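All chains, please: the whole structure from these sequences, using the hints.
If you read the sequences in order, they're chains A, B, C and D. Numbering-wise, the first sequence is residues 1 to 311 according to this note's numbering. Numbering-wise, the second sequence is residues 1 to 541 according to this note's numbering. Numbering-wise, the third sequence is residues 1 to 330 according to this note's numbering. Numbering-wise, the fourth sequence is residues 1 to 340 according to this note's numbering.
Source of the hints: derived by calculation from the structure; they are not laboratory data. Note that the structure is a prediction, hence the values are computed from the model and not measured. Using N, Cα and C, we set each Cβ at its ideal position, and we do this for glycine too. Any given hint could turn out to be false.
[Stated by the list, open to error] Each computed DSS-like pair below joins lysine-lysine, with the alpha-carbon atoms no more than 25 Å apart:
id: 1; chain 1: B; residue 1: K421; chain 2: C; residue 2: K53
id: 2; chain 1: C; residue 1: K221; chain 2: D; residue 2: K204
id: 3; chain 1: C; residue 1: K53; chain 2: C; residue 2: K75
id: 4; chain 1: C; residue 1: K186; chain 2: B; residue 2: K209
id: 5; chain 1: C; residue 1: K53; chain 2: B; residue 2: K425
id: 6; chain 1: C; residue 1: K240; chain 2: D; residue 2: K204
id: 7; chain 1: C; residue 1: K53; chain 2: B; residue 2: K460
id: 8; chain 1: B; residue 1: K473; chain 2: B; residue 2: K305
[To be verified] So, partial list: chain B residues that the calculated Cβ filter (under 7 Å) puts toward chain C:
id: 9; residue: S43
id: 10; residue: T190
id: 11; residue: G207
Read off the chains here:
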Amino acid sequence: MAARSGFSGWLHRASDSDVWWSFKSSPMTVAAAVATVLIVAIAFLSPVLAPHTPFDPATLNLIDGLKPPAMLSSDGDWTFPLGTDDQGRDVLSSIMYGTRLSLAVGFASVVVAMVLGIGLGLVSGYFGGAIDAVIMRIADVQLTFPAILVALLIDGIVRSAISVQRHDEIALFVIVGAIGLSFWVQYARTVRGSVMVEKNKEYVQAARVIGLPPLLIMVRHVLPNVTGPVLVIATINLGLAIITEATLSFLGVGLPPTEPSLGTLIRLGNEVLQSGDWWITVFPGATLAALVLAVNLLGDWLRDALNPKLR
Amino acid sequence: MGLHMNMSFRYSFALAAVMCAGLSMAATADAKTFRWANSGDVSSMDPYARQETFLLTFNSNIYEPLIRRDKDLKLEPALATKWGQSDPTTWFFDIRPGVKFHDGTPLTADDVVFSLNRANGPGSNMGSNFVSVKEIKKVGDSRVEVTTKYPDPLLADKWAALGIMSKAWAEKNNAQNSADMTKNEENFATRNAMGTGPFMLKERRAGEKTILVNNPNWWDKPTHNLTEVIFTPVSNPATRVAALKAGDIDMTYEVPPADTESLKKEADVKVLEGPETRVVFLGFDQERPELLESNVKGKNPFKDKRVREAIHRSIDVDAIKRTVMRGQSFPTNLMVAPGINGYNKSLDKRPALLKPEEAKKLLADAGYPNGFEVGLDCPNDRYVNDEKICQAVVAMLAKIGVKVNLLAQTRSKYFAKILRKSDLKPGDTSFYMLGWSPAQTYDVHNVFEALIQTPNPATKKGQFNAGGYSNPKLDALADKIEQETDKAKRDAMIAEATKLYVDDFGYIPLHQQAVVWAARKNIDLVQPADNSFPLRFVTVK
Amino acid sequence: MLAFILRRLLQSIAVLLTVGLVAFSLFRYVGDPINAMVGQDTSMEDREALREKLGLNDPAPIQFFHFIVNAAQGKFGLSYRTSEPVGRLIAERIPATLELSFCAAVFALFVGVPMGVYTGLYPRHWSSRLFQAVSLIGISLPTFLIGILLILVFAVWLRLLPSFGRGDTVMIGWWSTGFLTWSGLKALILPSITLGMFQLTLLMRLVRSEMLEVMRADYIKFARARGLTNRAINFGHALKNTLVPVITVTGLQLGALIAFAIVTETVFAWPGVGQLFIQSVQFSDVPVMAAYLLLIGLLFVLINLAVDLLYFVVDPRLRSQGGSARVAGH
Amino acid sequence: MAVASNNPPLLDVRNLRVEFPTRRGTLVAVDDVSFDIAPGEVLGVVGESGAGKSLTGNAIIGLLEPPGRIAGGEIRLEGRRIDNLPYEEMRKIRGARIGAIFQDPLTSLNPLYSVGRQLVETIRTHLPVSMPEARTRALDLLKEVGIPGAESRLDHYPHQFSGGMRQRVVIALALCAGPRLIVADEPTTALDVSIQAQIIALLKRLCREHGTAVMLVTHDMGVIAETADRVAVMYAGRIAEIGPVRDVVKNAKHPYTKGLMGSIPNLGVRTERLTQIDGAMPRLTEIPAGCAFNPRCAGRGSRCLSERPDLMPAGTGRAACWLHDRGGVGRPLAKETIDA
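If you want it as structure tokens, here you go:
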């Protein structure tokens, strides 16, 4: 165990271990993994695969607006397999592009939260004392202000700070920042706990004696230890981030509707839910639910599989 | 599951249910309760708190004006039985005798003078209706005279939305003025109301619900049969529509266009639609030498008429009507709507749409063979489907090589950005959407003065001409229209001025949005074109 | 114990001041409140005069100072939007939000915890797997969509429950309650489910993993070796040991519920502080927004205090240590 | 001396086999283990980690952790078969007839309940007594296990006790319903050396007074030598040697036991790693054919590589080694030839 450290070591253990076995033996997990990979792949390749480019207004034609899904209605047009919305946007292509955007938001905000959380967790756990107290206090406060509130706040500042410039161009960063900022606490707590355990171990003391920066040593030893839990938190946060983005969009501070994310699509569709043009909401909604469900199932499984006590 | 929970709740809370049954039973018998909803609440019960249609129309159920508008928006006597100009600068209003406030005190000329002065006083938002006024005074017990600084033929029209309050009530409750934001104390009139109108305020819970009850001592013969009116703000449109379908409300104001079709299919619901007097249009910054938000440097493409024409004639308002508005709009080429004095039907024809190549050629002739980039400002909660209309415009202009960057935001931020500053410096916009209705006067001059004349800090003309469209010839005509009393001459001048801005492609009028209301089948009501909703025309079957 | 509470109170004041600074200094720059206060047609001179009178042209630190001094006295000024006193606006709305959050929390607790216990005790049973998959719906669909779907099903189609609002309320002093009327209770059901769904999922999953963990603990094995009944082991020993993290999370989530109520209240036209807040954001109604944030801060402080005190009740280890906050490891 | 065979044994384990199904096949963790314990007797079970001694103990108290299961053999308590009882039946036996003590007193007690409550709860689960009676009994037990100021300590919580005191509480808990047998799994391993002896002495005294038999699972040969009447040495899931403790310590019959004893310069050293014997105990997946000990055995012969020895009489006890069979170990082998 000690011989292999770092991610490659972890990966090696993982592929050779019970984790892989427990994965194969759970059909639900396999299905979730397949669904995730499929959705991610399709989303990633949307510029190639999508029949239309819904983010390019020049290709939109209002004449095509509100076509029902071709596969279900004779009024449909096979150019638009899942129908179009009131801007003449192909729903299928919108979903593909939107999923890509949602995933990008999800991944980016998880990375922001992870970097912030791991950093603060290391500092907090290593230095302890007042620094630890302050950071953990901030973490407590942070938990009271959930993502949507933080995002409303940040969005408020940013909008006023750069009122003359184009807000939409930075909307993505605002959302990523806001969601990232509200998710860091879990990572910080996990890492902090692990650091507090490792801190007093001999090798850290030894490193200090021979003059190596102990923080560096710890980073190298702590990070592999927390890879599992952090990965689990990250999976669950990914789903949460995508949902949060959708909710922010509902509250009017989401991504611009000219380049809609999955959440924005649902928000837009929500307005026409009762109009009979159900396909505008239902398809993106189902995609979002499938994606988040799959990601969460993976997270669940990962948590159980990586927890040696539950094996 | 629902059933189970219901049952257990039923038994365990039987006592509570009995208690509240007592409360609600009291009002039944022959009660006609009318429950309705709107996206937002009335912001205040003070009739002068804000110059906005919804507040004015809601509060007019409690506070009546001297002169009111009938179903067709024609003026008719209300608290004034007679009015007119005794000379060009003097107006008189004869107060209706025998009118009583809700507290039983009689209406007097003193109340009218007090109210008008209050409306023109601190905290009031109605000041713009008093620009011409020099003095308001009581002449005898039942006449009020108003002298103006200059002839103001439209004074009566302006005041047709101005509710009359009780002097004694206001003074007793220390509400002689409208709420003053600078003082940290509440104004009694903000959440209490006491007028002469057909309805009395029973309960006011801001943002939650407002309950009105019938005024049995109203001076006029009631055309409604309501005993109680419950108004609730429901901001989410989907919820509002669901509530109507479920029968939790009897009527909703401002139905989202997307839902009109499905509501029409509902057996118990009817949809009322009509054009609104507001025109929604797009404006250009034609003032700055260089656009704020564009990739064109050193010049302003919108100063070139060919560019404006290319854009104007590339926007397919009929397509917008079909999909974005779901049929709920009335495309127009004028800045005023039918029903407004000065609307000219013969001029209301949009020029034919250009093919993209033709539009591109116009742009090329103007020096933009590859098009250009520009920002578009748009509200997202002000007009019906405002943001979606802008999106459609973005798509349409993309086809002629004009890349539009859309910034849609909530109304307060949007207005702060695009409107002209207090010294009438231009707003921070290059291309914007706005809507306008001459709601006080119902006359086209208001449109010329506010939107089309060249902004001028001295004369206060063109205050809302955000992009600074300017045509000196039109400016001169508009000034003449203001003073002209001969209708034929005035109409001719209006036609001439209208033709000027149309030919200039000074603005891109899009449409009048439809006023779409929906109500349960058992409700009878009247839908005026100014989107006001007087409860006195409502009956419940 | 007293020293601990005192220390906590001092920390709380620091937290509140920070939140106050955030609340004020951030929103000071959001939009232009003047546009929210006046109609579109108000002249420019009137706008400028109003700005001057409101002190919006003063330097920000001075505005903040005034704000804090007034806030400490419960004075938040008049709402720019409705010109009513902010303190009362909030006081009128807070019962609605608290009752909704309370019901949502009760729903989440009373459904989520038993489900978590069950799935934790029988992790391999098919019904546990089903519960887990179904519970994921709570975090797989955005709240507003869940809300509107519930409205469509239970209000529009089945006509069982009201589609929006609080129903009839009864005033008890200044507190308006929906608990005492039949329509008020019915009106609580859909919003509570909508709001509690997410928390339910969270709690269920938390309790499950804690149960799994605890069931492996030595004292559970020893309890088995002592021949205790399953009932005593599962509920007496195991569940009680999962309580500390559950209390922590429930406490924090109660704060989150109040904030998350923004969405639910918007969907159900629920007249609570969340809706007030979002309306205020749209209208740049600074006094209301600032007061709301302070309120959330205050609730946070109170909830945290309550959570700390609950720890004392649940965990004897803390009682004797004289209360150094949280148990490590959670 | 061996316990007289005409006494009916309290516990009788016959051919016990414990398996763990895994994805790499089924592991046999306890293989064909047979022994018995007479009333009042202390049987020491010793061996390296993974030898199967704790699993044997867990199998007896019916608390094998899944997926581990009893795959064969019988366990009889007082003549009654208990290895195949339904959970609820077995629950009634645990605590009442068989008590158990685990390694770590720090974690064996529920931190959220006072020790009195945990005692009363156990007593009332098994004995039909009233609350005050149970409390009196709990108090007596605390006094008996030597907790000073027992009256005031009854309402204290586990964290308020030191490690040794806690293990005394654990012993009280194991004894509180008067069991006939106690399975003590490494009861002193987690304790300070200074306290270990006290606890062992206490356990021994109490069991003698109550006439309770003990199955004492430990690494510590010193503890065994001091406490046990008989000892069973386990290796790779089997019993290598079983016999009266004095004989086994002084004159081991199995090469493994010999090594074990040789590795104890003085009693009290743990047998976690037996450095005196080359190599390590094989993993359960890699148990060699023949005698499981053969790769490490200096005296192995060809028979040891192919045939597995069962327990056979050797001296006063029994050992699983061909040395004690008439056929012997077969052709002697040099260590090198095997390794090559």
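Report task. Return the numbers of the hints above that this structure violates; sort them in rising order. Result -> Per hint list: single violation, 6.
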